[in-house]
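**Student:** Chain residues, written in single-letter form:
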Amino acid sequence: MNSGSNPISTLVWTFGLMSLFAVGGANSAIPEMHRIAVDVQHWMSDKQFADIFAISQLSPGPNVLIVTLIGYSVAGVAGALAATLAMCGPTAILAYYVSRLLQRSSHSRWPAIIQAALVPLSIGLMGASGLILALTSDRSWVAGLITAAVAVLAFATRLNPVWLLLAGGALGFAGVI
Amino acid sequence: MAFAKMSLAGFGGVLVWARRGIVDQHRWMTAEEFNETFALCHFLPGPNIVNLSVVFGARFRGIAGGIAAFAGLVGPPMVIATILAALYARYGEIDALRRILAGVSCAAVGLLISVVFKMMMPLIKKRDAVGLVILVAVFIAIGLVRLPLQAVLLVAIPLSLGITYFMRRRVNA
Numbered sequence: 001m002n003s004g005s006n007p008i009s010t011l012v013w014t015f016g017l018m019s020l021f022a023v024g025g026a027n028s029a030i031p032e033m034h035r036i037a038v039d040v041q042h043w044m045s046d047k048q049f050a051d052i053f054a055i056s057q058l059s060p061g062p063n064v065l066i067v068t069l070i071g072y073s074v075a076g077v078a079g080a081l082a083a084t085l086a087m088c089g090p091t092a093i094l095a096y097y098v099s100r101l102l103q104r105s106s107h108s109r110w111p112a113i114i115q116a117a118l119v120p121l122s123i124g125l126m127g128a129s130g131l132i133l134a135l136t137s138d139r140s141w142v143a144g145l146i147t148a149a150v151a152v153l154a155f156a157t158r159l160n161p162v163w164l165l166l167a168g169g170a171l172g173f174a175g176v177i
Numbered sequence: 178m179a180f181a182k183m184s185l186a187g188f189g190g191v192l193v194w195a196r197r198g199i200v201d202q203h204r205w206m207t208a209e210e211f212n213e214t215f216a217l218c219h220f221l222p223g224p225n226i227v228n229l230s231v232v233f234g235a236r237f238r239g240i241a242g243g244i245a246a247f248a249g250l251v252g253p254p255m256v257i258a259t260i261l262a263a264l265y266a267r268y269g270e271i272d273a274l275r276r277i278l279a280g281v282s283c284a285a286v287g288l289l290i291s292v293v294f295k296m297m298m299p300l301i302k303k304r305d306a307v308g309l310v311i312l313v314a315v316f317i318a319i320g321l322v323r324l325p326l327q328a329v330l331l332v333a334i335p336l337s338l339g340i341t342y343f344m345r346r347r348v349n350a
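Residue numbers (the numbering used here), protein chains in the order written: chain E, 1 to 177; chain D, 178 to 350.
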């Protein structure tokens, strides 16, 4: 896996493998994406990664689309397609078979135990995502303050997240950050 | 299929919309069925909502239904994301856009952090000390030490499973 290899196959391999470890959804895999995209493969800079995360949150659709954006920036449209399918395909097939299995042997208590065991893991992963993204995108104390303010607002109120994202964009445009 | 519409409506995450469409509008599933399916898709790895759509589609129309739901959910947003990525690649260096994106990413990180705290609340309320310790350990290993995900999970998943299983047995005994 060095720069000499075909980027598409690297993408497929990377995200296909990552998807199987993404306990709790795409957001918990962000630290790993950051590690691979920025530190290991040097596909993009810290700043670009933060931008891509912002775009993926702004665009409609599942959060997993951050993978599409990374794929695109590495290898164009083909890369976007390859990365998305690699991220979604294996686990979708797995989900399909497991759900059929569970339908047959219904109400085992394993699902509850597995879920109880994995919930703390996935929250910890998402917390790590938050930290890493905060370090990459909050370059000034004002930016850190905005992140904190949004976190508190979103936690305490039922405000639609889109407004908070747009407010952040407006503040950024105004040159506050 | 309705998944296409849903996927476009869901800014920052589709789950809420998926529930509304499947349970409230189309009555394809009861609330209990939805919760069970969602729980299943939550403990499987990978993007939850994508898994959910596939399982859901497959339950109605077999493999073809699964593929249709998948394409409906992922297709349209993927096209949009690709267009956005292309725009970013071309205009990403423009100063105004850079500033806007910087602002949006600050807010987006804040949103993510708020979700983390919301998800932590049930653990804190239950005084689930084991869960919280595991949570913090994973956070440190990935967030601060920056260990590779696979290595951390290969240790953490069996450990957490074992402890949870053991605790449940003791409670039941």
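Since the hints were made in silico from the structure, they are not lab data.
A quick note: this is a predicted structure, and the numbers were derived from the prediction, not measured.
Quick reminder that beta carbons are idealized off the backbone N, C-alpha and C, glycines included.
Hints are not guaranteed to be accurate.
Sample of chain E residues at the chain D side, in silico, Cβ under 8 Å [as the list claims (entries may be wrong)]: (1) Ser9; (2) Ala75; (3) Pro120.
Some chain E residues flagged as far from chain D (calculated, every beta-carbon gap over 12 Å) [claimed, not checked]: (4) Asn6; (5) Ile8; (6) Ser99; (7) Gly130.
**Student:** What are the numbers of the hints that this structure violates, sorted from low to high?
**Tutor:** Violated hints: 1, 2, 6 and 7; rest satisfied.
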